Amino acid sequence: MKRGLLLTGAALALASTMALAQNAPESILPGERPQPAPSPAPAPSPAATPATPGSGEVVQPVPSSAPPVDYSGVDLSDIPSVEELESMTSEELDDLFGLKPRYDIPPAARRSTEQVGVVGVDEGGLPAASLARQPASIVRAALASTDGPLVSRWGHILLRRTLASRLNAPEGMDPVEFAALRASTLNTMGEHAVARALVQDVDTANYNGALTNAALGAYLGTADIVGACPVVRLDDVDGEGLQWSMLEGICAAYAGETTSAQNDLRRLLNRTEEDQIDVLFAQRYAGAAGQGRRAVTIEWDGVESMNPWRFAMASALGEPLPENLSETLGPYYLKSSALIPALPARARLRGADVAAASGILSSRAMVDLYSVLYAGREDEPESVGLTIATRLRDAYTDPSPAGRLAAIKDVWGNDSSNYGRQVLTAYAAARLTPSADFADDAGPLIASMLTAGLDRDAMRWSGVVEEGSVGWALLALANPNGGQVSDGELDSFQDNDDSSGQAKSRMLLAGLAGLGRTDADNITEYSGRLGVNLSAPTAWTRMIDKAADADNPALVVMLAGLGMQGAGWEQMTARHLYHIVSALNRVGLEAEARMIAAEAVARA
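If you use mature numbering (1 follows the signal peptide of the UniProt record, and there is no 0), the sequence shown corresponds to residues -21 to -1, 1 to 583, in order.
It is worth saying that the hints were derived from the structure and are not from the lab. Since this is a predicted model, take the numbers as computed values, not measurements. Be a bit skeptical, because a hint or two may be false.
Straight line, CA to CA, 25 Å or less: simulated SDA-like cross-link-like pairs of lysine to any residue [as the list claims (entries may be wrong)]: (1) 525 x 496; (2) 388 x 412; (3) 388 x 373; (4) 388 x 433; (5) 388 x 360; (6) 525 x 152; (7) 525 x 150; (8) 388 x 479.
The following label-pair restraints were derived from C-beta to C-beta distances [what the hints assert, rightly or not]: (9) 279 x 442: 55 to 63 Å; (10) 301 x 86: 44 to 52 Å; (11) 310 x 153: 43 to 51 Å; (12) 393 x 297: 28 to 36 Å.
Backbone N, C-alpha and C fix where the C-beta goes; we use that ideal spot for every residue, glycine too.
Build the full structure now, drawing on both the sequences and the hints.
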């Protein structure tokens, strides 16, 4: 019995010691003896016993059942059935449960619309208040009516810079409307990348219908489909039509709702007959999101026309275009292809010439594009593009000046109307040392240099060009130091002018008159000879002259862009050129005025 008591006491003592060890601090010093591991905690009893007062621990009893939910005031008839929920699109479900965000930017991060634009004054943009006091009606009319390409590369460059400048809206015009007008104009010019940057400078919560349409046009023009999702997913923006529904499905997929998005697009495909290829593109694009990958075959059979959606989708997905469509692409698609980074260099070359001639691509950008093609020549099949890239390299590296000139002329090719190739060779031409041996090629070499604004390099050829030649006329207009042109020189140029209807002589006279580089007697005499009337007023000439009188460069540029619309220089009159050059020169844009005047003579 005593032995049993002793064993019981020893067990209690051991248990007490272990219990104390659980709460004792554990030494982390080296060489200390580790403490024993704590014993497992006892399992809780099935039912808690209410504690007696003063026991020091309170255990709450487990409730036997949850309290009932009060549904009073809720109309249960508004709750859709399971079948109805399954038939709803992801867009309808978002609206039902309030999942679609009204704003996607925190209040502290929202931006003001007082100034919208991407080019500041220190970057070459126009002052912010350039249009602040101008009538909204004139600005609205000028931009809304500029709905096509410009004939002048330099006019395009100048208008793009103006539209991208960080500007205040004109007096009486909503800033979002002003941004929408500018972005729409940039889209019509083929400047989709600049239009995209402009619309992204406005918070999506501030978008109206016009800015939404302009934004979608910019995103399609750059094949940036997902870029449109911040607009499409907002609650305050409602769109309609097949394209909007496809974008909703794509954006839902990239928001993680892949299953419902594919179901929406599948239902859309079943309801569509004529444009099924558009929905198939949307399904394939949405299928690349998350775990929603599925095989979608694109069939071009029966498709006889191209549209921006198909072109953007095919470019983004790497889907080759059928020959019957790729060979007949219009200017919109060619310009767009030059800007889409998803396309390989060889696929961008055809559009690059058009984009360079239009003013979208600079000479440096063109050289970079052909350099990419040349760098990958080992993996490229022999092609015209690779040949041009090789000869362009020779235009820089050939040890002899004659060899470099021969390479430049090979890049130009036999098509003298391909102005984009002259843009490509601008810097190579500037590296040539002027020589009388090259006098016959001085005109196109000078024209090539002026496409990049290399007027001082071009002036080195002033001692080589012959009086009355095209090269002489280009230098007479592009000379940054000015200089007067006599009647004898004008007479010499007119005698040598073999252009249709002496268009070059007309443009030279208009350019010199606008720059003030020939006297009034010469203007009168040669206007009569050439059958032009530079001073005849129209509503447009009166507006641009008044804008110049008010010393407002931004409004002058917008009106100049309005007056330079057209598919070719044959649509530009000498009278319009005179008023454009004169107005630009008077408001301080003399360099641009000189380049536009010289371009007119080179391309007329």
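Verification of the hints:
1. 525 x 496: Holds: residue 525 and residue 496 sit about 22 Å apart, inside 25 Å.
2. 388 x 412: Holds. Residue 388 to residue 412 sits at ~16 Å (cutoff 25 Å).
3. 388 x 373: 11 Å, holds
4. 388 x 433: Answer holds: residue 388 to residue 433 is near 19 Å, not above 25 Å.
5. 388 x 360: 23 Å, holds
6. 525 x 152: Holds, at roughly 21 Å.
7. 525 x 150: Roughly 18 Å between the alpha carbons, so the hint for residue 525 and residue 150 holds.
8. 388 x 479: 24 Å, holds
9. 279 x 442: 55 to 63 Å: Between residue 279 and residue 442, where Cβ atoms are some 58 Å apart, the hint holds.
10. 301 x 86: 44 to 52 Å: 50 Å, holds
11. 310 x 153: 43 to 51 Å: Violated, since residue 310 and residue 153 (Cβ atoms, about 32 Å apart) do not stay within the stated range.
12. 393 x 297: 28 to 36 Å: 33 Å, holds
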